[in-house]
Amino acid sequence: MTINDVQTILHGRFICGEEHAEREIHSACGSDMMSDVLAFVKDQAVLLTGLCNPQVIRTAEMIDIYCIVFIRGKKPTEEMVEMAKERDIAIICTDHRMFNACGMLYDNGLRGGKPY
Amino acid sequence: MSDSLKLQYVISDEDFTRAGEASGDVKAKLKMMGVNPEVIRKVSIAMYEGEINMVIHANGGVIDVIITTKDITMILKDKGPGIKDVDLAMQAGYSTASENVRALGFGAGMGLPNMKKYSDEMNIETEIGVGTTVTMKVYF
Ligand SMILES: Nc1ncnc2c1ncn2[C@@H]1O[C@H](COP(=O)(O)OP(=O)(O)O)[C@@H](O)[C@H]1O
Ligand SMILES: [Mg+2]
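Chains C and S, in that order, give the protein sequences. Going by our numbering, 45 is the number at position 45 of the first sequence; the sequence numbering is gapless. Going by our numbering, 54 is the number at position 54 of the second sequence; the sequence numbering is gapless.
It is possible that part of the hints are untrue.
Here are the simulated SDA-like cross-link-like pairs (lysine to any residue), alpha carbons at most 25 Å apart as the crow flies [to be verified]:
(1) 85/C / 90/S
(2) 75/C / 114/C
(3) 42/C / 14/S
(4) 31/S / 75/C
Some chain S residues judged to face chain C by a derived CB distance under 7 Å, without partners named [what the hints assert, rightly or not]:
(5) 32
(6) 35
(7) 48
(8) 108
Restraint-style ranges between C-beta atoms, simulated for each label pair [to be verified]:
(9) 11/C / 69/S: 44 to 52 Å
(10) 8/S / 78/C: 28 to 36 Å
(11) 100/S / 111/C: 17 to 25 Å
(12) 128/S / 24/C: 15 to 23 Å
(13) 114/C / 68/S: 45 to 53 Å
(14) 104/C / 34/S: 52 to 60 Å
(15) 100/S / 104/C: 31 to 39 Å
It is worth saying that the hints were derived from the structure and are not from the lab. Predicted, not measured: the structure shown is a model, and the values here were computed from it. Ideal Cβ placement from N, Cα and C applies to all residues, glycine included.
Using the sequences plus the hints, can you model the full thing?
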C-alpha cells in the first residue's frame, strides 16, 4: 500500500508530506515508547503513535521511517511539522485509537514485520 | 591512517527538543559519505540513545565522533551522577527515569541495551559523582 492508502484507510488527513503520498509502505509499527521503536524496528516505514513531541520526528529520522501517523486526534506543533518537512517525512492525523488504527491497516494487508 | 574525520558536539540538557541533533548530523554526514545504510542505522540508533541518556540522566555533555575508513567511534562524556551498578543498568527494562521522562517516550530501560545491540564494541567508564564516558564503535 501507499502513504495515500494509509490516509484513506484511517480516515486521516495530511498535515505535511502529501507530495510523498505515492511512496510504498511495506511494514508498520505502533508504539508510544520511542525506545521500543528503536529496539525492534527493522524495515518499518510507518510509525503510528499517540506520543506527540519532537522526539517522535527524531526517532523516525534515525530509522528512516517516512510516514508518522498521530492517533487519537493528536496534533503536532508547528515546530514538529517543520522538522518533518525538512526530513521528507509525511504526517497524517487520525481520530482513531491505536488498537483500531493498527487493526484497520492490518485488515488491509499491512504487516508489522517479523518477530524477534 | 591520517585520513580520519573528527567531529565534536556539545550536548545541552536545557532543551529536550534538541536532543538528537548531534546524532541526526552524524547520520546525514555518513549518508553523504555513502556509508552502507545498515551501518548508518546502527550508528544512528546507538548514538541517539546515548545522546538522550546524556540529556535525561546526566545534564548533557560532549560527544566526540571519529570516522576512519574502517569504522566510527563515538565517545560520549558527561559530568553527570555516574551509574551505580552498570550490570543492572544494562538490563533491558531497568530505568531510573522519572514519570516526566517516560511521558516523553523514553525511560523504558531500553537505551543501554539498544546501544549494546547496535554497536560492535561498547565500553562504559563511570564514577559516582564524577560522570560517565560511554565509548561505542561500529565497523563499516
Ligand atoms: N549517562 C548516564 N549517566 C547516569 N546514569 C545513566 C546514564 N546512562 C544511563 N544511566 C542509568 O542507567 C539506566 C538505564 O539506562 P537506559 O537503558 O538508557 O534506560 P532509560 O534511559 O530508559 O532509563 C538509567 O535509567 C540511568 O539510571
Ligand atoms: Mg536511555
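Which of the numbered hints are not met once you compare them with the structure shown? Of the numbered hints, 1, 2, 3, 4, 5, 6, 11, 12, 13 and 14 do not hold.
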